[in-house]
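S.K.: The primary structure of each chain is shown beneath.
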Amino acid sequence: SQQGEEDPQALSIQEGENATMNCSYKTSINNLQWYRQNSGRGLVHLILIRSNEREKHSGRLRVTLDTSKKSSSLLITASRAADTASYFCATYNNAGNMLTFGGGTRLMVKP
Amino acid sequence: SQTIHQWPATLVQPVGSPLSLECTVEGTSNPNLYWYRQAAGRGLQLLFYSVGIGQISSEVPQNLSASRPQDRQFILSSKKLLLSDSGFYLCAWSQGQGDQPQHFGDGTRLSIL
Chain A
1 SQQGEEDPQA LSIQEGENAT MNCSYKTSIN NLQWYRQNSG RGLVHLILIR SNEREKHSGR
61 LRVTLDTSKK SSSLLITASR AADTASYFCA TYNNAGNMLT FGGGTRLMVK P
Chain P
112 SQTIHQWPAT LVQPVGSPLS LECTVEGTSN PNLYWYRQAA GRGLQLLFYS VGIGQISSEV
172 PQNLSASRPQ DRQFILSSKK LLLSDSGFYL CAWSQGQGDQ PQHFGDGTRL SIL
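Going down the list, the sequences are from chains A and P. Quick note on numbering: this note's numbering labels position 6 of the first sequence as 6, and the sequence is numbered without any gaps. Quick note on numbering: this note's numbering labels position 101 of the second sequence as 212, and the sequence is numbered without any gaps.
Just chain A, same shape as in the assembly (with noise of 0.2 Å):
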């Protein structure tokens, strides 16, 4: 079964727009990740968030964790054409062996 759900799984935004994904999940973490997939390739990680933080930045990307909720945001800013790419986010399970992937949000942005 997945540990994490994001929502929606298909955004469509204008460039320029912000685009906004969310990721819940179901057991306690250490941390999350999230991950990016353009069509047809690997995953590529994007940016992990610990437990003990709230929100993190990297460039136009900022990721947020409520634990309380058990829900974690990904925000892209002034989106391009080439942000267009499928977004997981990703859990450990509490051995640390096993990272389990959401099905994942399908970005398109249209220039």
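In case anyone wonders, no lab produced these hints; they're calculated from the structure. None of the hints are false.
Chain A side only, calculated, beta carbon under 7 Å to chain P, not exhaustive:
id	residue
1	G42
2	G96
3	N97
4	M98
5	L99
6	F101
7	G103
8	G104
Where chain P lies over chain A, by a calculated footprint (3+ residues, C-beta under 8 Å):
id	segment
9	22 to 34
10	43 to 57
Cβ coordinates follow ideal geometry from the N, Cα and C atoms, glycine included.
Given chain A, work out where chain P should sit, using these hints.
M.R.: Positioned in the frame of chain A, the structure of chain P alone reads:
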């Protein structure tokens, strides 16, 4: 820097034929290694992971097997492919576990006819 190589990029195989997909990592030692399968438009399903040579853990019962003959080599195999084995197979590595990102190869698109 570390790199991960996965091949072939695409593969078309008949039902009942054998399979061997190979993944190698360079620039690191004793990595954790992973095989995932991704159905079209879906998330990743962990198939196997390995924390060392000869150590393989399987997450789902299936028609596939994995081996780690060398520290940085991970092989996904099948003796007889099924139609349901079609999918996108991804290899990944991480250094340690728990709070480490995973680094992915570019995947193998496997089509079974």
